[in-house]
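Asks: Could you put the whole structure together from the sequences, leaning on the hints where they help?
Okay, here's what each chain looks like letter by letter:
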Amino acid sequence: MGSPRRLRAVSAAAADEQPSDAWEAIDALPPATIRSASPASLPSDTPLGELLREVAHGSSTAFERLYDAIADQVYALTLRVLRDPALAEDAAQEALLEVWSAAPRFESHRGSARAWILTIAHRRAVDRVRREEAHSARAHAEHAATPSVAPPEDGPARVIDMLQGEWEAARVRRALTSLSDLQREALALAYWRGLTHREVAGELGVPLGTAKARLRDGILRMRELLEVAP
Amino acid sequence: MTLHDLAAAYAVDALDADERAAFTAHLAGCSACRDQVASLRETAALVGASGALSGLAEPGRAPAAMRSRVIRQAARTPQQSSRGTHRIVGIEAEPARRAPRRAIVWLGAAAAAVLVAAFGIGIGGYLSGSPDAALAAHEQAMRIISAEDAHTMSVPLGHSSFVMSESYGGAVLMGDAAPMPTAGMEYQVWMGHANGAPEPGPTFMPEHDGTYMVLMNGDMDGVTEIYVTMEPPGGSETPSGPMVAEADVHL
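One line per chain: the protein sequences are A and B, in this order.
The first sequence maps to residues 4 to 233 in this note's numbering.
The second sequence maps to residues 30 to 280 in this note's numbering.
These are computed hints drawn from the structure, not numbers from a lab.
These numbers were taken from a predicted model, which means no experiment stands behind them.
Hints are supplied without guarantee of correctness; some may be wrong.
[To be verified] Short derived list, chain A residues pointing at chain B, Cβ under 10 Å:
| no. | residue |
| --- | --- |
| 1 | R117 |
| 2 | L121 |
| 3 | A124 |
| 4 | A128 |
| 5 | L190 |
| 6 | V203 |
| 7 | G205 |
| 8 | K215 |
| 9 | R219 |
| 10 | G221 |
[As the list claims (entries may be wrong)] Covered stretches of chain B (chain A as the covering partner; in silico rule of three or more C-beta atoms under 8 Å from a C-beta of chain A):
| no. | stretch |
| --- | --- |
| 11 | 70–77 |
| 12 | 83–89 |
| 13 | 103–110 |
| 14 | 193–202 |
Beta carbons: idealized from backbone N, C-alpha and C, even for Gly.
Replies: Next up, the structure:
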């Protein structure tokens, strides 16, 4: 698999372009990027995990760095579930505050920092989307979801981040092609629209047991596919 | 399907409220399911980060204004203890922004801070429940309540009492039958002084049965009233939400 090598090469090239900032930028780069570009199966987000441990001890500077590393991903997730920039911002903000307050409970041996954070974000977004007002706001926003525009930011850290994300997303998309249509639809309805498996059954017009089984099989299959080294 | 089979749906938040509660309770005693959930959440996070199937290709970046808001709110949001199922709230020492004459500090997480109701939303698989923090906080509350100079005032938030001890340097606000705040809001305690702005205290949420307890540690000198407002999650610098309850402090 050539992707990891390519990511490293980009990192070196980007550093060459901006020699003065490069080290600082890479040093200030907490997320999964450089280290997780190694061909390990799941992203090992050691820098993010280290930051989260510092946050757990009450470090506000670590929290700022953690924010910079993960806030875009948190917001992207809540927006994709909620489809309304204002609601998404609310949910992302709640999630990030929960990350701060619950950081002492993060157990690194149980999983990666990123998964822990995105789990919180997803839960917040789903809880919000299930509330009545969110449903109606969502209906209004369905056609008019205008993602908030953030200033473009260059620099090696950002570039590596994006490539890392693209590489991972490509793996996920490839894995999804191995699922049956029903498994894929069940997963999309549950994860992105925040439906319960009961609602998934209704939406797909299948019995509840079938919906449960498809959702479960789909997720387990994704785990199997993504655990295998790319 | 047995309860074990709900791990996958739980990991992608596809359980309804009742099932989620049942499975969360099950998780506490089932290490196999905790492991299962932890690894499935890695998978879910990969799907989530990829945006695949979401139908929204370019969500854009987080709004720039959100950063300072989150950082600011975090600065006055106390952290939970590393163990236990209770949420810790307290007042954090912030000398730069707080009136210099009073130093209210919130107790260190490990020591015994303050606690309130668990989050309505737990983060299940990652939590290992332990009553240690709750016990420590209750012990602290008992010391305040049993102090020689303890003063008790009733507070009209459900059936609540505010107990304060100057000699101990702490106070407890606790009660039951407290209604839940408006969705998306949290309660926040404020301490008013004869002169000067009210001092922001911790935010809290009652348990489902309306019980709660908030512990504050610090110099209580000069407090003339305490009150509770509803504020956005994480609380506010100055009261912005509706007043929920107030009580004069008579010594």
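Asks: Indicate, hint by hint, whether the structure satisfies it.
Replies: Now for the hints, and whether the structure bears them out:
no., hint, verdict
1, R117, "holds, 6 Å"
2, L121, "holds, 4 Å"
3, A124, "holds, 8 Å"
4, A128, "holds, 9 Å"
5, L190, "holds, 7 Å"
6, V203, "holds, 7 Å"
7, G205, "violated, 12 Å"
8, K215, "holds, 6 Å"
9, R219, "holds, 4 Å"
10, G221, "holds, 8 Å"
11, 70–77, "holds (count 8)"
12, 83–89, "holds (count 6)"
13, 103–110, "holds (count 7)"
14, 193–202, "violated (count 0)"
Hints 7 and 14 from the earlier list are contradicted by this structure; the remaining hints agree with it.
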